[in-house]
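Residue numbers (this note's numbering), protein chains in the order written: chain A, 2 to 269; chain B, 1300 to 1669.
It is worth saying that the hints were derived from the structure and are not from the lab.
Hints may be right or wrong, so weigh each one.
[Stated by the list, open to error] Coverage of chain B stretches by chain A, computed from C-beta distances (three or more under 8 Å per stretch; other residues unrestricted):
no., segment
1, 1354–1368
2, 1519–1527
3, 1534–1542
A virtual CB, placed ideally from N, CA and C, is assigned to each residue, including glycine.
These are the residues of each chain, in order.
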Amino acid sequence: MNAQATASHIGTTAPASNLLLAVDGVTVDFDGFKALNGFSLTLDRGTLRVLIGPNGAGKSTLCDTIIGRVRATSGRVIFKGQDITHLPEHEIVRRGVCRKFQTPGVLPGLSVVDNLMIAARRDRRWWCSFQRGAAAEEGARVAEILETTGLADRGRVPAGTLAHGEKQWLEIGMVVATRADLLLLDEPTAGMGPAETSQTAALIRRLVGQHTVLVIDHDMSFLEQLDARVTVMHQGQFLKEGSVAAIRGDPDVAAVYLGRAKEDGHHG
Amino acid sequence: MDMSMRKDTPLSRPLAGITLGRPLTLSLAVVVLGALAPWLVSAYELNLLARFLAMALLAMGLVLVWGQGGVLSLGQGVFFGLGGYAIAMHMKLAALGDGELPDFMVWSGLDALPWWWVPFKSPAVALLGVVLVPGVLAALFSWAVFRRRVGGVYFALITQALALAFATLLISQQPSTGGFNGLTDFQTVMGMDLGTPGAARGLYWLTLALVVAVFLGLRVLMASRYGTLLRAIRDGENRIRFLGYDPTPFKVVAFTIGGALAGLAGALFTLHAGVVSPALVGVVPSIEMVIWVAVGGRNSLAGAIAGTLAVNLAKDGVSSAFPDLWLYALGLVFVLVVTLLPGGLAGLVTDAGGTGLGKRLQSLVVGETK
Chain A
2 MNAQATASHI GTTAPASNLL LAVDGVTVDF DGFKALNGFS LTLDRGTLRV LIGPNGAGKS
62 TLCDTIIGRV RATSGRVIFK GQDITHLPEH EIVRRGVCRK FQTPGVLPGL SVVDNLMIAA
122 RRDRRWWCSF QRGAAAEEGA RVAEILETTG LADRGRVPAG TLAHGEKQWL EIGMVVATRA
182 DLLLLDEPTA GMGPAETSQT AALIRRLVGQ HTVLVIDHDM SFLEQLDARV TVMHQGQFLK
242 EGSVAAIRGD PDVAAVYLGR AKEDGHHG
Chain B
1300 MDMSMRKDTP LSRPLAGITL GRPLTLSLAV VVLGALAPWL VSAYELNLLA RFLAMALLAM
1360 GLVLVWGQGG VLSLGQGVFF GLGGYAIAMH MKLAALGDGE LPDFMVWSGL DALPWWWVPF
1420 KSPAVALLGV VLVPGVLAAL FSWAVFRRRV GGVYFALITQ ALALAFATLL ISQQPSTGGF
1480 NGLTDFQTVM GMDLGTPGAA RGLYWLTLAL VVAVFLGLRV LMASRYGTLL RAIRDGENRI
1540 RFLGYDPTPF KVVAFTIGGA LAGLAGALFT LHAGVVSPAL VGVVPSIEMV IWVAVGGRNS
1600 LAGAIAGTLA VNLAKDGVSS AFPDLWLYAL GLVFVLVVTL LPGGLAGLVT DAGGTGLGKR
1660 LQSLVVGETK
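Excised from the complex, chain B in its bound form (with noise of 0.2 Å):
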């Protein structure tokens, strides 16, 4: 992407630099294809797409995070997380009647709804909080390391030490989470019935709908001078610190995005899965999820939709065929790909993974020998 501005251009145009045209019109017929789906595809299958687009949100978020600032972010998942367990609180709530308690808490013999449960009550609350509650977190969380000047790998380790001690609180505190098993069987989201087809269709087109947002959004912010400043220090911390920038609360914007759409994608999974739990939120899905965004392309944002609709298809194919292969094979692919592949899917149709396999192939194709 070009964002540079020539003199004779004028600077302030809104969009400059976002490519239009070709593609364009490709992504037009995507979204509206994606809004056809309710009547294209069988109701599991819908309920499949809407759980991969939301999970799209997740890795658009690192897209800005790692592709853009090249923080390596190894606890998505707690984000998402808490996204998810913000609206479960509150469906579970919804569906009580005064001085009821949710039935895992009265099995747990608690006698009163912990006070942190209290604010989800209100749907406002619960709302926002699928945000701001990831979302002040991360800026808590990767302030507080950003400016100590943590970075690279020990970043990551922290942030996977975060996904592991959260899930681990998850199952600790059974009777205020509902432990393993996290919390399920929802009836009702704003007083719409969760269980009939109208409610499934019109959650599959909010999720949509917030995917297009999202991606534009991210793009217009991609392209401005945040954006490439973002970039430069991915590319050259030290450099834009001596150029008179402080390089942390730039970090920390990206990753509170990212924290936020990963909440916004928790909350979304959630109400298309009727389940949120600690197996969703802990290591291992955190590390799939930057694997969805490395197979995309961590610097293209249809990238990483397309690798998360695509990871997670081939998951739901093999580990329905053979559950005990798909790790496996996922470990395989991150490998192929990283080696092979560093710009993703996205770098098959893209110059910008101009040492891969697609700049590989089109020689191959094209027969230049360089």
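This is chain A alone, in the form it adopts within the complex (with noise of 0.2 Å):
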């Protein structure tokens, strides 16, 4: 309902310098089923997004297209100034995008250690495998994460013995150990209580700067303590931009959203 307006907040908005990423137009189209429909979103480098927008908004698939688990119908996403669009999910992380699944995707029956090793190793090409030790700059890389996502003394244990809460940190440990330039963050508050929601809006907001992070989150208390813009989508269409004050004062955003979600908050 709002592919004019999509089109002309992407022209005003997007100084071609600072430019880290760049959806441009992208339909996914399963089966007849619009999940993304001509969305478009640019992020500068080093600022914090989040994504909001009810169930089936299309919010997770926006993901998985800038990742290239799934692949767009029509329209680009350009990386770096690059597009990225068609090429292998692998080799997009490589040149700088990751991200955190809905559900913890922690590898169980590795160490905390050893999962926060593959990712944070540089050479991710197979025949490095075969090379003993690691660089030094990756081993002091996993200790500083270690002790920013409170994991520090559980580094021996198998990740799939943490607790719920823990392998969210873990695997945003993990996101963040590949250096990616862009950290896709889906739901990263799942399934945790006030005080580690807390711990997780200081974690990602560390996090800025250094990377640029786009996070989906319905949680409401947590966008407010992220402090960020936020974008809203509905039906796989671009809806809404602003601060979180502005969209929690929207009505447009209230019709499709913010009701549910109220309602919602007590549970969540």
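Can you join these two chains into the complex? Each is in its own frame, and there are hints to help.
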């Protein structure tokens, strides 16, 4: 319903110099159902953006499309000025995009440290896996991430035995360990209590600047703690963009989303 | 096995993470006992042991492919057969004079050697072919399948179809393959008379030495970063892909090593058994190979060797007394292992099979309830 608004929005706010990611009119068509419908979005380097929208709005599909898990039917994804729409997934990741999945995607059989070491590895070509040892820099980075994610004393345990919140932090840590410029965090606070949610918000705010971060989440208190610009999606299209406060007060957004989110907020 | 790296330990220790000590003493004792076997057992028993140890090479390959890589292959018989036929073709040709053909070709009315037999006249080609033919086929096949992201049950079914096709092809091409009877009646290999007790001992020791070498080599490989990544791909292929790794080559390398080891096993088995035939390479033998490893423990190299020896000793006993019962017995063993002992025999010894019978037995004995 807001195709024109989307187009004009892209046209007016895209300073090319600082641009990291441009999703340009992407449509994803699942057998007639348009999960994304001419959606556009730009992200500048070092910024934090929150993406909200009711279930089925296309938020996860957008992340899937950026990372290559789902292919755009039409439109382009431009990252660092290059078209990555049709690259293999691992190639997209090597260029500096990494994603945290909705359900924690840690490797359960490996220790926490091994999970992070795999993520921190600079050279991910297969024949390099026969080399012994790791760069000191990679070890230092893993040690640092163990500290920032509060997993320092859990380094030796299998990741599968971590508590749910710890798994979420470990996966955020893995995504950070790849040194990706763009971090896609899909529901990073799913299943977390209020205290853990606050810690996660603080963790994400520390990442901004060094990384560009796109967060998908439903939890309004979490969004307020992140205090970032919010993009609202609805039915695969752009609906609104603004500060958390502006979005909260927006009647269009309330109509499609916030009313429901407020009710859900008590449970989430 | 814990092979992650602490900050304070050097990261480049070659065998980092491999547990030595008591297991080392035990392993050494087993190897020494194995080396003395020619003086401890009868010639017949030595021949059986040699065959089973050859099969253990294949089983260790399956630990890498299935246990570590999570890729179930029901077609290892194909690679076993390729290795076996490679050495058998050489032995058939080496026994001939100039211009002569192997006897079964003459009986089938062939008047010239098929072109693909010709290179195997050379001992070097035959020896390399034992490993390279199955290895290259395994690499091409697995690359073609894995890059299309076919895995799991579908991959297992494709490998089973491959085994069926291979056995059928061998039988149908009777004039150039020996058909159902396969290739047999070998006299010499590399100038050594196969009939002597010395040759039997030598081939046995060669097999034992290769088992030890492959065991150590695979342990180092499994402890390397490659091994860690292979297990990581088994547990979460997508997570690894979205960390910037391409899972395909990791799995292809494992499958190729598994195929090459199966070929080596097939060649040694053919030397010990004096025959290679379609009955050894088709669907049923391929499934039996998986059962050896399931019984032994698919993540344990030592378990795979033990499982291979145990299942084949049992087969020798059961099938000579009750030939009709063997397959039922094997099926029963497989069901019991899968339901009660997912870690296999190795799970009884280590905590790796923590959820299985081992733990249950432990808790029964120790009296813990949990």
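Margin query: Let me make sure I understand: some of the numbered hints might not hold for this structure. Which ones are they, in numerical order?
Written below: 1
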